[in-house]
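Assemble the complex: chain A is given as a structure, and chain B must be docked to it using the hints.
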Amino acid sequence: MNIMIGLINGMIAAATPILLAALGGTLTYYAGIFNIAMEGMMLSGAFFAVLGSYFFHSWIVGILFGVLGAILIALIFIFFSIFLKVDEFVTGVGLNLFAVGLTTYLLRQIFNVKGAFTDPGIVPIPKIQIPMIQNIPVLGKILSGQNLIVYIALIAVIFITWLVFKTRFGLRLRAAGYNSTCLDTSGVSSNLIRFHSLMLCGILCGFAGSFLSLGYVTLFTENMSAGRGWISLAAVILVSGNPLGIALVSLLFGFADGLGLFLQQSLPSQFTSMVPYVATLIALFIYSIRKKKKEALI
Amino acid sequence: MMTDVITMDHIVKVFPPNVVALDDVSVTFREGEIHAVVGENGAGKTTLMKILYGMQEANSGNIFFKGNQVRFNKPGEAISSGIGMVHQEILLIPEYTIWENVILGVEPTGYFGKIDRQKSRQKVKQQIDEFQFHLDPDARVEDISVAARQKVEILKLLYRNVSFLILDEPTSVLTPQEIPQLFDELRRMRDNGRTIVYISHHLEEVLELSDRITVLRKGSKIDTIESSGATKRSLSQMMVGREVIFESIRKQQKTGDVVFDMSGVDYSFPKNRPLLQSIQMQIRAGEIVGIAGVEGNGQLELVNIIMGLIKPDHGKIEIQGDDFTHASILERRKKISFVSQDRANMGSCLNASISENILMTHHRLNSRFSKWNGIVLEKAQINKFSEEVRNSFDIQMDSTDAEMRSLSGGNQQKTILGRELSLDTPFLLLDQPTRGLDVGSIEYVHEHILQMKDEGHAILLLSADLEELFRLSDRILVLHRGQIVANLETEHTSIEEVGILMLEGGAQ
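Protein chains in written order, with the working numbering: chain A, 1 to 298; chain B, 1 to 508.
With the rest of the complex left out, here is chain A:
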């Protein structure tokens, strides 16, 4: 039983950063931006979260810094793709590489370490115990006692669903993606909508990054986002942006991640850490087959 609970909690923890980044990605997806910079935003967020938490001895400042770090990348993306009209894919790839370089450089310059920075001075984001619920057998150990960011991610799913499908902003956001000229001629600047969507994506990726370095573990390692931004992109594409679908797919990836850790007892870790990426490939493969079938029906 404890193994099951451990596996489920591992799954939730692994799913959270992917979920948050994918929710950000879904906003830009609806806005019609080919945004692959979630990876870079998340990594930058993770680094600055540690920076804030370490120097100000506060996880709140840590999250704040994490969000600002991710927004930094988002702003560069906005500058290049919206103002200078540079190709979004090129911008995204450039920024992802830039984020690795920037965080590695700053890690060495500020903390004078190579590879990883860990210190008792980094204040982690607390876990939240929910009274009453925590006493429920089995379920209590899953529903309660999760990291604060996990609950934020859950609220974000609901909030993003509401935002995209029920509000004025959502109507305009999707319009920007479906037909931006139409939105522009309706008197709403599609660039402004894209700007907002990228900023929101930055904030969500900031939370994802903070969770990585202040929740999942309490340290920063070089390139610690390790492809989660890319997986979140796959999740967005897989479910065509539907936030609830993203939540499910993220859990699936989280499960693959947890499974990888679990399998480490019997398999070399090089193979087990492949599991989430292999799962991504399989998911994309299934998606393409399903899409083909659907198209044949039309």
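Honestly, the hints are just simulated from the structure, not real lab data.
Just so it is clear, CB atoms sit at the ideal spot from N, CA and C, and this is done for glycine as well.
Each hint should be verified, as a subset may be incorrect.
As the list claims (entries may be wrong) - Some but not every residue of chain B turned toward chain A, in silico, with C-beta under 10 Å: (1) K66; (2) H87; (3) I93; (4) I103; (5) G105; (6) D184; (7) L186; (8) M189.
To be verified - Derived SDA-like pairs (lysine to any residue); straight-line CA-CA distance at most 25 Å: (9) A:K293 x B:E95; (10) B:K311 x B:D322; (11) A:K166 x B:R160; (12) A:K85 x A:G187; (13) B:K119 x A:S288; (14) A:K292 x A:L252; (15) B:K335 x B:E467; (16) B:K271 x A:I289; (17) B:K74 x A:F83; (18) B:K232 x B:E467; (19) A:K291 x A:T161; (20) A:K291 x A:T272; (21) B:K316 x B:A327; (22) B:K271 x A:S288; (23) B:K123 x A:G170; (24) B:K218 x B:D322; (25) A:K127 x A:G170; (26) A:K85 x B:S406; (27) A:K292 x B:S268; (28) A:K85 x B:K74; (29) A:K293 x B:D266; (30) B:K114 x A:G245; (31) B:K74 x A:N9; (32) A:K292 x B:R273; (33) A:K114 x A:S58.
The following block gives chain B in isolation, referenced to the frame of chain A:
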């Protein structure tokens, strides 16, 4: 007494480097009139309206709106002043419902920006009823007809309290049956006190609908006249500066051997949905066969099968007795000239130069344009050839090295026709060769097509314009739900008969 709403005063627009699009044009639009702006392609109709609407800036001249000088910097400003424009290409979001499309940009909202669905739908419904548009506000735009989409565009402007509507060639996307309905709606709007500017080059429509007509020619205003005194002939004379013949210009002539022979062609996609069924046709040398049909009844598939872009399930295609059913596209091109209805994508490459566009296909079929087995192009030969095509097809351009994109629609089409007709193949496939062209260019294209017929080419002509089919074809085949339901001698049929067959199929 009608008051002036908008006065455009001495408008000049020059496109760099030296193309004068509008040369000192002054027009006044009065309240509550339908005012048509007519002219050939490239005459400056759309440019004039885009300047009024704030999509382009004039080099000089002033615009007065209800007596005050205005200058809109973007369409949004024009709309909030009550001026709206329905563009040639429909700008809606197919994935959205009608009401969502209508409210986009001016959404009634409740708390925290939540859209008030109830109120939005109610308002849109009210407007639909007021103008008798017969639309379901909850229908998705992707599911409704083109005519209905156009109504949604108009509705969108009415929702924004626009009192001055500009429509850019609204009937170009409609079927003949849908046009009278649009006209009724436009008249109803006029009677409600709105002003309508109607850009068109269909003279019958303009005469039927409008109160006054402004004629532009090559960027200059010729005159503004009352429609009541005008005729088609006088208008076209003003438009092109000379008289255009509208009568049938076909000559009877002996036809030769069968050139193009298609038999038993079936095509389904997917498997259970037949798009073409047992298509049978023979076209002789010196014969023009027209295909009539409402769009989407198999024309696209027919063209793609002839060109080898899709493979038929059954059937056979022969050209001059040789089997072409499975021939490669290049093989086909040796025998088939092809004018695609998709001028910008399939017919030409807008980013390439004009001479490159003229050369396409020729460079694969004619060895004089290259040396070393087609590796190096012969620039001198190519230039000479482009100049020939340019002269014999009267293409207006600065230089053959300019981008295809820089040409007006009519000149692009002439370039494509020039390329295809100089291939000198026994069979010609012309898919909407005059769509979107003005009267002068259409006449020009028709002359060339008839000349090809005289020279003994076999021609298959697809056109949505029945008058064109009747003018040119010897026989008309009616395509309905993927079947040829009639094979009519043009002499012994009428537009009305073909129209009914197009809509209802055979005489079952």
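Results of checking the hints against the structure:
1. K66: 21 Å, violated
2. H87: 8 Å, holds
3. I93: 5 Å, holds
4. I103: 8 Å, holds
5. G105: 3 Å, holds
6. D184: 26 Å, violated
7. L186: 21 Å, violated
8. M189: Since chain A brings no Cβ nearer than about 20 Å to B:M189, farther than 10 Å, the hint is violated.
9. A:K293 x B:E95: Holds, because 21 Å separates the two Cα atoms, which is no more than 25 Å.
10. B:K311 x B:D322: Answer holds: B:K311 to B:D322 is near 17 Å, not above 25 Å.
11. A:K166 x B:R160: Since the Cα atoms of A:K166 and B:R160 sit roughly 22 Å apart, the hinted pair holds (cutoff 25 Å).
12. A:K85 x A:G187: With Cα atoms ~21 Å apart, A:K85 and A:G187 stay inside 25 Å; holds.
13. B:K119 x A:S288: Distance of about 40 Å is beyond 25 Å: violated.
14. A:K292 x A:L252: Cα-Cα ~23 Å, so holds.
15. B:K335 x B:E467: Roughly 28 Å separates the two Cα atoms, so the pair is violated.
16. B:K271 x A:I289: Status holds; Cα separation ~18 Å.
17. B:K74 x A:F83: 18 Å, holds
18. B:K232 x B:E467: Since the Cα atoms of B:K232 and B:E467 sit roughly 15 Å apart, the hinted pair holds (cutoff 25 Å).
19. A:K291 x A:T161: Since the Cα atoms of A:K291 and A:T161 sit roughly 23 Å apart, the hinted pair holds (cutoff 25 Å).
20. A:K291 x A:T272: 29 Å, violated
21. B:K316 x B:A327: Status holds; Cα separation ~11 Å.
22. B:K271 x A:S288: Holds, at roughly 21 Å.
23. B:K123 x A:G170: 20 Å, holds
24. B:K218 x B:D322: 48 Å, violated
25. A:K127 x A:G170: With Cα atoms ~32 Å apart, A:K127 and A:G170 exceed 25 Å; violated.
26. A:K85 x B:S406: Distance of about 23 Å is within 25 Å: holds.
27. A:K292 x B:S268: 17 Å, holds
28. A:K85 x B:K74: Measuring from Cα to Cα gives roughly 20 Å; hence the hint holds.
29. A:K293 x B:D266: 23 Å, holds
30. B:K114 x A:G245: The given pair, whose Cα atoms are some 22 Å apart, holds under the 25 Å limit.
31. B:K74 x A:N9: Roughly 54 Å between the alpha carbons, so the hint for B:K74 and A:N9 is violated.
32. A:K292 x B:R273: 17 Å, holds
33. A:K114 x A:S58: Holds, because 24 Å separates the two Cα atoms, which is no more than 25 Å.
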